[in-house]
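With chain A fixed as given, assemble chain B onto it according to the hints.
Going down the list, the protein sequences come from chains A and B. My numbering puts the first residue of the first sequence at 1, with every later residue one more than the last. My numbering puts the first residue of the second sequence at 262, with every later residue one more than the last.
Please note that a few of the clues may not be correct.
Said to hold, decoys possible - Okay, derived cross-link-like pairs now, EDC-like style, lysine to aspartate or glutamate, Cα gap no bigger than 20 Å in a straight line: (1) B:Lys657 to A:Glu79; (2) A:Lys27 to A:Glu228; (3) B:Lys272 to A:Glu149.
Stated by the list, open to error - Here are the simulated distance ranges between beta carbons: (4) A:Ser99 to B:Ile542: 46 to 54 Å; (5) B:Gly533 to A:Asp84: 53 to 61 Å; (6) A:Gln119 to B:Met653: 20 to 28 Å; (7) A:Gln119 to B:Glu564: 44 to 52 Å; (8) A:Ser48 to B:Phe264: 27 to 35 Å; (9) A:Ser78 to B:Ile542: 35 to 43 Å; (10) B:Val642 to A:Ser48: 43 to 51 Å; (11) A:Ser48 to B:Ile542: 55 to 63 Å; (12) B:Ile542 to A:Glu79: 49 to 57 Å; (13) A:Ser78 to B:Thr559: 26 to 34 Å; (14) A:Gln119 to B:Thr559: 42 to 50 Å; (15) B:Asp659 to A:Glu228: 26 to 34 Å; (16) B:Asn556 to A:Tyr19: 28 to 36 Å.
FYI, nobody ran anything at the bench for these hints, they're computed from the structure. Glycine included, C-beta positions come from ideal geometry on N, C-alpha and C.
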Amino acid sequence: MKKVKAKEVIRLRNVSKHYPMGKFVVKALSHLEFKVYEGEFVAIMGPSGSGKSTAMNLVGSLDMPTHGTIYLDGDDISEFSESDLAQVRGKRIGFIFQSFNLIPNLTVKENVMLPMMFQGTSIEERSDKAEELLRLVELHDRMDHYPGEISGGQMQRVAIARSLANDPEVILADEPTGNLDTKTGAIVMEFLEKLNKEGKTVIMVTHDPDLAEKYADVVYWLLDGVLEKVTKRVGKRFVDVTKKAKKALVKKVRKKGKGGK
Amino acid sequence: MNFDYLILALKNLKHRGIRSWLTLLGIFIGVTAVVSLIGLGAGLQAAVGAQFGIGSTEVISVQAGGLSAYGPPGSGAVNKLTTDDVDAIERLSSVKVAIPRILSSGKMEFNDIVTFGIAASVPDGEKRKVAYEILDSEVEVGRLLKDGDVNKVMLGYNFWGSEDIFGKAVVTGKTVLIQDENFIVVGIMKKTGSLIFDNVVMMNEAPLRDLMDYGDDVDIIAVQVKDKDLMDDAKEDIEKLMRKQRDVDVGEEDFEVSTPEAMMDTVNSVLGGVQAFIIIIASISILVGALGIVNTMTTSVLERRKEIGIMKAIGATNYQVFLQFFFESGLLGFIGGLVGVILGTIVSSLGIIGINNFIGAELGLNFDFVLIGGALFGSFVVGAVAGVVPAMNAAKQDPVEALRG
Chain A
1 MKKVKAKEVI RLRNVSKHYP MGKFVVKALS HLEFKVYEGE FVAIMGPSGS
51 GKSTAMNLVG SLDMPTHGTI YLDGDDISEF SESDLAQVRG KRIGFIFQSF
101 NLIPNLTVKE NVMLPMMFQG TSIEERSDKA EELLRLVELH DRMDHYPGEI
151 SGGQMQRVAI ARSLANDPEV ILADEPTGNL DTKTGAIVME FLEKLNKEGK
201 TVIMVTHDPD LAEKYADVVY WLLDGVLEKV TKRVGKRFVD VTKKAKKALV
251 KKVRKKGKGG K
Chain B
262 MNFDYLILAL KNLKHRGIRS WLTLLGIFIG VTAVVSLIGL GAGLQAAVGA
312 QFGIGSTEVI SVQAGGLSAY GPPGSGAVNK LTTDDVDAIE RLSSVKVAIP
362 RILSSGKMEF NDIVTFGIAA SVPDGEKRKV AYEILDSEVE VGRLLKDGDV
412 NKVMLGYNFW GSEDIFGKAV VTGKTVLIQD ENFIVVGIMK KTGSLIFDNV
462 VMMNEAPLRD LMDYGDDVDI IAVQVKDKDL MDDAKEDIEK LMRKQRDVDV
512 GEEDFEVSTP EAMMDTVNSV LGGVQAFIII IASISILVGA LGIVNTMTTS
562 VLERRKEIGI MKAIGATNYQ VFLQFFFESG LLGFIGGLVG VILGTIVSSL
612 GIIGINNFIG AELGLNFDFV LIGGALFGSF VVGAVAGVVP AMNAAKQDPV
662 EALRG
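So that you can see chain A by itself, here it is in the shape it has in the complex (with noise of 0.2 Å):
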C-alpha cells in the first residue's frame, strides 16, 4: 500500500442525485461523502442499481448533484461554465468506458489525438502525444486501423490511451473490463496498475468486488445510493474505516481492554 497523504485531488460533500420521474422522484444518490488523494487507486463498488454510474457521472464532472459539492482540485465544479467545466474534464480527468466509446469512423491515431484537439494542441505535438500513447499500449501497430478492424481489448487500450493524450491527474474507468474476457480485462487492469504506480489517481467504477480489491487502495461500497461502506486496504486485508465500523471497533478494544483487567 501506497502511503500517500498527498494532495486531494477529487472529494464530494454530503453529494446527492435526484432524478424527477414523473411525480415520483428517484434517489440515485445520497449524501455521498468521497474523497481521493492524489497516486490513489480508488474503486466505487456496488451491484446494478447502487448509484454507481451516477457517482461516476458526478465524479467525472459529466453531471452536476441535486445538493452537495464538488470539489475539483480544490475547485467547487457548480461555479464553473459549461464550457470550463468541459476544458476541465478535458485536461484533468481521463475517462475509459465499458463499452470503450472509440469514435468509430475515426482511425486508432486520430481517436487518441481527438482529446488533444479540444485543448487547442497543435497537430505535430498531438500526432507524436498520440504516437507516444500508442506505443505505450502496445498498439502502435494498429494507429491507422479503425475500431472496427481491432479487438475489444485492443480497443480498451485505446480507451486507455485516449485518457492520457492531455496527461490528466485522474483516470476515471467504468467497469473497464465489463466488456472483455478474464484473459485480455487482466491485461487492461494491468496497465491501469501500471499507470496508478506511475503516479496517476485511477478511479475505477465496478460491480466485481474481487477486482475492486485485486487492484484498489480503497472501495467505496454503494448500495442502493447510499455509502454502505469504505474498506481500505491494511496490508493484504482490506479494513473498514467507516464512522461507524471505527466506532465499534474503538468499542470492542476497550471492551477487551476492560475485560483483561
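Only chain B this time, still in chain A's reference frame:
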C-alpha cells in the same frame, strides 16, 4: 484550429458516403442550372440572335404588316411595300441607302427531288455591296452574285453542307430548277447558324421579280442610316414618312420599322424570361437541398448522440461540438456547390461547342470566376445556415444523457 474541425467534418461526411451525396443532390442541381445558364449567356444570345437574322447593328428594317400568313417576312402583307417607298425613304436626310428586298417562296428541284424554300433578292449596282455588307455575305465556295448574273443563283450553306435537302450536296456549277427554270449555282454562302439564311436561295433582283411576277412590290426595305448614333431619329423619320405614304394615322400603322436594338431587346426579353424561369427552378432546388441538409443533419445529431457524449466527456465544449456539426453541414453545401460548378461548367462548355457548330461562330466560354466563387461561397453559406439549428441541438446535448446513446 477551425481547420481541424473542417477535416473532422470531411471525414464524417466521407463515412456517410451515400447519404451525403443524396443530401447534396438538391444543391448541386440548383448550382449546375445557374452556372451553366450564366456560362451559356452570351452564346445563347448569339444563337437566338442568329435565328432572328440580326447581324449588322446599323440597319433598320421596314416591312409591311397586316395579314401575315404563311411565308417569309413581309410576303403575306395585304398592302405591300413598293419601290416608290424605297425611293422615298432614300430621300430622307438621315438615310444613307435603302435596299429593297424580295423574299419569295418557291419551288426548287435538284437530283429529281422537289422542295419548297425561300428565294431572296440581291440588288444591283452600289447597293449590292451594301447588301452583302449588311448581310455579312461571304462565300464558302464559288463566288458572290454580281451585276448582270441572270440565270445564276447563290445558295445557303445547307444546300452544300448537308445532303438532307436533295439527297446529295449541291456543288457550284450545277444547275438547279427554280419555278421550272434553270439556274446555275455560282456560289455557296458561309454558315450563319440561321435556319433562314442557311437554306435560302439568292438571286439578282430583276430575274427574281420576273420569275415570281412581283411587279413593283417589295417585302423588306433594309435601311442603312448615315449616323449610327441617330438610329432612333432615323427610325422616327421613316415612320413619319411611311404613315404619309400609306395614309395611316399614329397608332394604326400597318407596317413595322424595327432597329436591331429593338429586335435584340425582344430576343433578350425572351431569353430573360427563360433565364428567370430556370433561376426560379434552381432556387427551389437549392431550397429543397437546404431542407435536405437540415433533415440529414437533424437525423445525424440524433444518431450520433453517443458520439456527442464521448466528445463532451473527453473535453469538447458546447462551441466545439457546434463547430463540428456546423462545418459538416456547411461542407455538405460546399461540396454540392463544387459538383454543381464543375457540372455546370461542363454543361455550358458542351452548350457553347454545340452553339458554335450550329451557327458557325467561334464563341468562347464565359468563365466567370466571381460567379464560381460566389456559387461556392453561397453553397457553403446555404449548408451552414441549414445546419445551425441541428448543430445547436448537438451542442446542447446533456453529456450524461448523450453517453447513454
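Hint by hint, here is what the structure shows:
1. For the hint linking Lys657 of chain B to Glu79 of chain A, the alpha-carbon distance of about 19 Å falls within 20 Å, and the restraint holds.
2. Between Lys27 of chain A and Glu228 of chain A, the direct Cα distance comes to roughly 15 Å. Compliance with the 20 Å bound is thereby established for this hinted pair.
3. In summary, the hint linking Lys272 of chain B to Glu149 of chain A is supported, as the alpha carbons are separated by about 17 Å, within the 20 Å threshold.
4. The supplied range of 46 to 54 Å is met by Ser99 of chain A and Ile542 of chain B, whose beta-carbon atoms lie about 48 Å from each other.
5. Take Gly533 of chain B and Asp84 of chain A: their Cβ atoms lie about 57 Å apart, and the range 53 to 61 Å holds.
6. In this structure the hint that Gln119 of chain A and Met653 of chain B lie 20 to 28 Å apart at CB holds, the actual value being about 23 Å.
7. Between Gln119 of chain A and Glu564 of chain B the C-beta distance comes to about 27 Å, which lies outside the given range of 44 to 52 Å.
8. Between Ser48 of chain A and Phe264 of chain B the Cβ separation comes to about 44 Å, which falls outside the hinted range of 27 to 35 Å.
9. Between Ser78 of chain A and Ile542 of chain B the C-beta distance comes to about 55 Å, which lies outside the given range of 35 to 43 Å.
10. In this structure, Val642 of chain B and Ser48 of chain A meet the distance hint of 43 to 51 Å, their C-beta atoms being roughly 49 Å apart.
11. Taken as a hint, the range 55 to 63 Å holds for the pair Ser48 of chain A and Ile542 of chain B, whose Cβ atoms sit roughly 59 Å apart.
12. At roughly 56 Å, the beta carbons of Ile542 of chain B and Glu79 of chain A sit within the given window of 49 to 57 Å.
13. In this structure the hint that Ser78 of chain A and Thr559 of chain B lie 26 to 34 Å apart at CB holds, the actual value being about 32 Å.
14. Take Gln119 of chain A and Thr559 of chain B: their Cβ atoms lie about 29 Å apart, and the range 42 to 50 Å is violated.
15. One distance hint, 26 to 34 Å for the beta-carbon pair Asp659 of chain B and Glu228 of chain A, holds here, with the actual separation near 29 Å.
16. For the hinted restraint 28 to 36 Å between Asn556 of chain B and Tyr19 of chain A, the CB-CB distance of approximately 32 Å keeps it satisfied.
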